[in-house]
Amino acid sequence: MGFAHNRRVYLHGPHGSGKSSHIEQVAARLNWPCIRINLDGHITRADLIGRDMVVIRDGKQVTEFVPGILVWALERPVAIVFDEYDAGRPDVMFVIQRLLESHGRLTLLDQNRVITPHPAFRLFATANTAGQGDATGLYAGTQALNQAQMDRWHVVAELGYMPAEQERDIIQSRLPSLNAKTIERMVTFAGLTRQAFNQGDLSSLLSLRTLVSWGENIGLIDDTQEALRLAFVNRCDETERPLVAELYQRCFDTELLRGSHHVTDIY
Numbered sequence: 001m002g003f004a005h006n007r008r009v010y011l012h013g014p015h016g017s018g019k020s021s022h023i024e025q026v027a028a029r030l031n032w033p034c035i036r037i038n039l040d041g042h043i044t045r046a047d048l049i050g051r052d053m054v055v056i057r058d059g060k061q062v063t064e065f066v067p068g069i070l071v072w073a074l075e076r077p078v079a080i081v082f083d084e085y086d087a088g089r090p091d092v093m094f095v096i097q098r099l100l101e102s103h104g105r106l107t108l109l110d111q112n113r114v115i116t117p118h119p120a121f122r123l124f125a126t127a128n129t130a131g132q133g134d135a136t137g138l139y140a141g142t143q144a145l146n147q148a149q150m151d152r153w154h155v156v157a158e159l160g161y162m163p164a165e166q167e168r169d170i171i172q173s174r175l176p177s178l179n180a181k182t183i184e185r186m187v188t189f190a191g192l193t194r195q196a197f198n199q200g201d202l203s204s205l206l207s208l209r210t211l212v213s214w215g216e217n218i219g220l221i222d223d224t225q226e227a228l229r230l231a232f233v234n235r236c237d238e239t240e241r242p243l244v245a246e247l248y249q250r251c252f253d254t255e256l257l258r259g260s261h262h263v264t265d266i267y
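Residue numbering for the sequence shown follows the working numbering, starting at 1 and increasing by one per position.
Check the hints yourself; a few may be wrong.
Cβ pair distances, simulated, as ranges [claimed, not checked]:
| no. | residue 1 | residue 2 | range |
| --- | --- | --- | --- |
| 1 | 75 | 172 | 38 to 48 Å |
| 2 | 177 | 110 | 55 to 65 Å |
| 3 | 255 | 35 | 14 to 24 Å |
| 4 | 76 | 107 | 11 to 21 Å |
| 5 | 239 | 163 | 52 to 62 Å |
| 6 | 173 | 58 | 45 to 55 Å |
Please keep in mind that the hints were generated in silico from the structure rather than gathered at the bench. Glycine included, every Cβ here is placed at the ideal spot set by N, Cα and C.
Could you build the full structure based on these sequences and the hints that come with them?
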């Protein structure tokens, strides 16, 4: 809908579920140029719209308007993806508001110019929350979004984690040297930790990104337990680690021993 019918699409869901990659992969298959912009606290209105800058023309310094990334993309057949949309500064978000309408034009006050978007310009956003703020405490720095702005998104969809079978296929393709049985147990363990999170027993989530990191660590140190400890367990709360160990034991039929930091970890 976003690409074919020029709908503005807002994707939200847990970290590491593939929200931005999803859009990138669709764009790649459509041969549609795609640009990702991380809306961190340092992105300003001038970064998006542009500013007057001193440039060299024919050996002389002249002041001219240099368009920002949003103005540049507007005039081209480009799909632009705003990552971490719920972490953007409020004054910056209002720059985007007019463009959220399918044929929204952008007025450049400094230039006395109105920009009409290219027919193939597309706009997407990804975020960890649905615009209502974060009630879990997982996503520091996010904020509740202006509901007048949320009202302008044509499609709001949630993207969760993939089914276990697809996660297994991804890890197997990324890490072909990893044992298939080990991968199956890893994915099962990840599913159990997500269930525990949903039930309020765990405050950390084991995402697909963490699963891949765990598998890569196994390839480096050839130790499933230590690899998991480095990728996930060490960031869990001390009081929750016994539950993580219990889930590990259920999947791998062996106890998750308490580890210690080694010089090789740092190396």
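(request) If any of the earlier hints don't hold here, list their numbers in rising order. (result) 3 and 5
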